[in-house]
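Colleague: Read off the chains here:
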Amino acid sequence: MQAHTLFSTLAARIIRHPVATLAVCALALGGAVSVGLRVELHTSRDELGPADDPDQQRLAEIRAEYPGAASLIVRVAATSPGAADRPALRAFADDLAAALRNTPSVAGVFHRVDPGWLAENGLWIAPTGVLDELSALLAAPDALLAGLSGADGLAEWNRRLAGRITTGMTVETAARDGASAVEQGRRLAALLAAQRDFLDRPLAVAARRAARRGLAALGGEAGLPADGYLTSRDGSAIYLLVAPAGSDDSVPARRAFLKAVRAQVERLQAAEPGIAVTFAGQPALTVDEATAITRDTWRAALLAMAGVALLTLAMFRWKMHAVLILIALGTGVAWAYGAVWLELGHLNLISAAFLSTLVGIGVDYGVHPVSEYEMEGAHTVDGSEAIRRAYHRTGPAVTVGALTTAVAFFSLRLMRFDGFAELGLVAGGGVIFCLLATLIVLPALLSLHGRRRRARGTGGGVPRALIDRLWVDRAAIHICRVPRAVIAASVALTMLLAWVGRDVTINTDLRAMLPASSPTLATERLMAAESDLSPLVCLALSPDLATLRDLVRRAAAEPTIARVDSILPFLPDDIDATRPRLARLARAAAALTWPRHLTPVDRDDLAGALATLEAAVTRAGEAAFSAGLGPMAQALEAARAAVAASRRRVATAPSTAPADWTAGQQQLLDSIRSAVADIDRSARLPPPTSADLPDPLRDRFVTTRGRFIAFLHPAGDLFDPGFRAAYVAAVKRVTPQATGFPVMFDKIATQITAGFGRAAGVGALLVVGVLFADFRRVGLTLLALVPLAMGLVWMQGIMQITGLSYNFANLVAIPLILGVGIDNGVHLIHCYRLTRSPRMTRVIAHTGRAILIASLTTMVGFGSLATASHRGLASLGLVLLIGVGCCLITSIVVLPNLLVVLRRARR
Amino acid sequence: MRRSLITVGGALLLAGLSLAGDTGGATPLELVVCAPGFPGTTEEARPAMDRLASLVADAAGWPAGRVSAVYEPEAAAGRQRLALPGHRLALVPFSFFWTYAEELDLDPILQVARAAKSDEIWSLVARRGEVRHPADLAGWQVRSVAGFSPEFVRGPLLSSWGSVPLSTRIAFASRILGALRQAAAGEKVAVLLDPPQTRALDSLPFHDDLEVVMRSPGVPGFLLCNRGQDLSAGTVDALTSALIATHRHKAGRAVLESLRMARFEPLTAPVAHRSTAAGGGAGKR
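First to last, the sequence lines map onto chains R and U.
Its first residue numbered 1018, the first sequence is counted upward by one per residue in the numbering used here.
Its first residue numbered 344, the second sequence is counted upward by one per residue in the numbering used here.
Honestly, the hints are just simulated from the structure, not real lab data.
In this text, a Cβ means the ideal position worked out from N, Cα and C, and glycines have one as well.
Don't take every hint at face value.
[As the list claims (entries may be wrong)] On the chain R side, residues computed to face chain U include the following (Cβ under 7 Å):
#1 E1639
#2 F1642
#3 S1643
#4 G1647
#5 P1753
#6 Q1754
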C-alpha cells in the first residue's frame, strides 16, 4: 500500500501547484523540442545493419568506387505487341542512354556493347570453339561456305549442296566422325531453315543479315548479347542499367535520382507513345516502398483520427479528458524525441516507428487514471480528491506496466541488428518519458481543467458515456457468471490455438511486404521470367584479371551460382590459343572467291534444284536412320522438312517472288562478303586489353580505382532462406571478399530472427523480474502475465488460420502487444488487490473500462494500417488488431474469471 | 597385349594351314553380302567389301586377292549371285537365310553380332493408339527391310504376337524413315524395325506420334554361311576360329566397326529356316 500512497501523495503535491508544475514541464518541453529538431532521420538501409560488420564495410567500399553497385534497371518494351518494332525500341534505348549520360545524378549507363567494337574485336573474344566452327565453315577441306562460295545463284547453290551431301554425308563418314558429323548435320538443317525463311521473306531476311557484322553475320555470336544489346531472351525488351551518381542510398537521394531518370523517359516517350518504360532494381524498390508507406500512412492516419474521435465520444464522459490525455502524451513523446538526440542523435527507418509505438502504448497510461477519475465523479465532486484517489488506485499499476514495457523494449538492445536495437533504446526511453508525463503533467492538467469548469459553473451532474451504459452497467456484472465454464472454454481454446499456431514462421521475403500492385515488383517478376538478369546479386572486386579469372573458375563449380558477369567475356581468354586460329581464318577468308553478279532466280530451275536437294537429304537421312545413327537422322530429317517447305513455297509463291529472290540473293551475297572481309580485317588486329574497351563496358565492369568487379548471379530465389544460405556460403567459398545485398540480407535476416528470439527470452525474464518485484508473490506475478501469455497464443493461432505470418514490418508490433498485454494484467491484479472485493464487478467495471478504452484506442489507431496497400504495413495493422484484441479479451474476460475460480478454490 | 597378339597370330597360322588344302590352287572364293534394304549400292559398298575380303583373307592366311567380296542390296540379285557356280561364302541377314537357306543350300557357320547381344529383337511401330492387337492390322500395310519375305515377317517375327490378318499386306521397304513419317501422319502403315532402326526411333521429331506395339523374340542378326558346303569341314573350323578372333585385335576391330559389325560369334545352336521351322517361331532350335 506504500506505493499507492506514494502516488496519491505525488498527485496531491502536483495538484497543489499545477501551474508551476506545468510551467516546469513546458520548459522541459521547449528544451526537448529544440534539441529534438536536430534529430536526423537516416533513411539509408545500409545503416540498419551493424556498422562494424566487415561485409557492410566492404559494400560501402565498393559503393564508394563503383556507383553501379545499386543500379536502377530500366526496361524498355512496346506498350502492346506491334506498338513498336525492335528498331524503334533500340533507337529509343540508345536515345535514353545518351540523355541519361548527360544527367548529373547519373554516373553511367550500360545497355549495349558497341557493335562496331564487337565487329572489330569479336574474333579475339570469341570462345575458341566458335573460332573452330568458323574455321570448319571457311577453311576445312569440306567447308560448307568455301564449297558453295562459287555458286552463281540460289539454284546452283542448292545443286552444289545436294552434291556435297551425297558425297560428304554418308553413313560411313557419319559413323567415323561421330559428334562433328552430327554438328554438321545440324548446321545443314539451320542453313536450310534459313533458306526457307529467305524464300518466305527474301528482302527482310537479307536486310536483317546485312545489319549484322563480323562474327554475328555468320552466326558466331555465341556468348555475346544479340546485336550487342542487353535484352530479354526473345529480344522484345531492352534493359538499361543506370548507375546513380554518389553512394547515398537514402530515400530522398534515391527519389531525386529516379525523378531525374523519369523526366528523361517522359520527354522521350512524348515522341514515342508506343513504348513502355518500367523500372526495377534497388533504387526503384526503395522509392516505391517509401511512396507506398507515405501514402498509406496518411490514409491510415486520417482513418485513425476519425476512429479515435468516434471512440472518444463513446468512451469518455468528459470529451475534454481525451484532449488532456493527448496533451500529456504529446508532452511525453516530445520529451522522448528530445532524448533521442541525447541517446543517438538520429532515427533510422525502423526506429522512426517509435513515435507511433509510443502513442499506442503511452495513451494507455493516461487512460487508466482518467478513467478512474471519471468513475470517481471527476470534478463534480472534490476534484483534487478524485484525482488523488485515481492516482492512488492506478499509479502503481501504470508505473509497473510502463517499467515492464520499457524493460521489454530495452531487451531489443541485445539484437545485433541496429534497426531494432536502436528502436529498443528510443522506445524504452520513450515509455519512461510517457510515464513521467502521465504522473506529472496529466494530474496538473486535470486539476486546472476541473477548477476551470467549477469556476464557470459547468460542473453539473455526471454524464453517462456509451461505454458506461454497455460495459459498466450491463456487461461487467455478467462477465463472471459462469467462471469455471469460461476458464474451461478458455483453456481448451488456448490449447487448440497453440496447436494450430505452432507453425507460424517469420517470412523474410521483402517482396511480400511491398504493395501487390507495385510496378517495380511487376517489372522484377517479368525480368526474372524473360531474362537472365537479376536485380539482387553478390559483388566481388578483383585487383587483376588473373584473380578475376580464378574467381570465375571457382564460381563455375558452385551450382547455386548461375553465372558471373564480368569483363572477361570481352577480353581474349587465351591469346596463345586464339592467335593461330585467327591466322588460319584470315588465310581462309582471303582464299574465298565470290561471283560478282548472280544469275537471276528462275522458279522452275530453283524448283528442280530443290527437288534434287530434297532427294539427297532424304537419302542421307534414310541411310543414317537405318544405320541407327539417331542424332544424325534427326538433323537430316529437320533439313529435309526445311527443303520440303522451301519447295512448297517456291511452287506457290506469287509471280513477283522470283524478282525478290533475285534481289535478296544479291544482298545476302554482299553481306556475307562484307562479313568475311570484317573477319579478315579483325583477324589482323592486336588483341584488345581492358584499356581498349568502350566506356560503357569499362564503367560497367571496372571501378573508378581500376579494380574489376564481378556480379555473381544466384541460381534460385534469394528470399527462400534455405537457398539464400547455400548461395551466400557458395559465394563466400568463391571469395570471402564478396558482399552485396544477398550477403547483408542473409546476415540481417539471421540477426533479426535469432536476435528477436534472444531479446524476447531476456525481455520476458526481466519483465517477470519487475512484476515479481512489484507483487512479491509468484502467484500474482504469474496471474498478471496470464492475459499476455494467453493473448499471444491466441494471436498466433488466429494468424495461422488467417494466413498471416511474421515479417520484418509486423515484428515491430510485438513489443507493442507485449506492452499492452502486460499493462492489462498489472492493472487488473493491482485493482483486484486494492478492492479486496470477493466479487469482481468493481474490478471489471473500473479497470475493465480503462482497459477497454485503452485497447480499443490502440486497435483503432493501429488497425487502420490494415487498409494499407503496403502489405508489410497492412500485416502490422492486422497483427496489432488481432494481438491487442486477444489481450483485451484475455484481460477483461479470462483473468477475472480465473481470479474468481482461484478464490473459490482457496475457500 | 602380347598374349592377345600371340593368340591372334596363332589363330591366323592355324587357319592358314587348314585352308591351304582347299585353296592350294588359284581357286577364288567370293563372299556375297546380301542385305536387302540396307543403305548403299553395290558400287558405294565396294570399299567396305574390299576391307571385308581382306579381313577374311588375312584370317585365312591366303594371299591378297584370293578372296573377293561383293554387296548385293536386293534379295533377288543376291539369290542369283549365290546360285552361280564357284566357291562362295554368304553373309546374309537371318531373314534372307530363313527364306532361302534350302534353295541355296546355305550352311551357317558363324553369326555376326552387331551389338553387345547377338540375338536381335525387332519392333513393330504404328501411330500411337491405333494398333493394340494383330487383328487391328486388317487392311494395313506392314513395311520392313525384311518385307521381301512376308512368310518370315508373319512367322519368326510376328507369330509370337498372334496371327496377322491375311488382309495385312507385308511389303519390302528400303525407305523406312519415309514409312515412319507416313505412319505418324495417320496412314494405315505399320513399320517393322530392326534393332539399329529401333534405337534411332527416339531421335525423330515425330516420335511422340508413334509407339512400339510389339517386340519380336530374339532372332539371329547376320549369318556367315558356307554355300553348298564348298569349303571342307576342317577349313571351315579354321576359318571360323580365325574370324571369331578378329575383333580382339585393333586392325580387325577397325574393319568390323567400319562395317558396323561388333564381332563374329560361334553358333550356339542349329539355326532354323523356312523348311525346318514348323510354322515359324523360334529362330534357333
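Colleague: All hints are to be evaluated individually against the structure, with a verdict given for each.
Modeller: Evaluated hints:
no.	hint	result
1	E1639	holds, 5 Å
2	F1642	holds, 5 Å
3	S1643	holds, 5 Å
4	G1647	holds, 3 Å
5	P1753	violated, 47 Å
6	Q1754	violated, 48 Å
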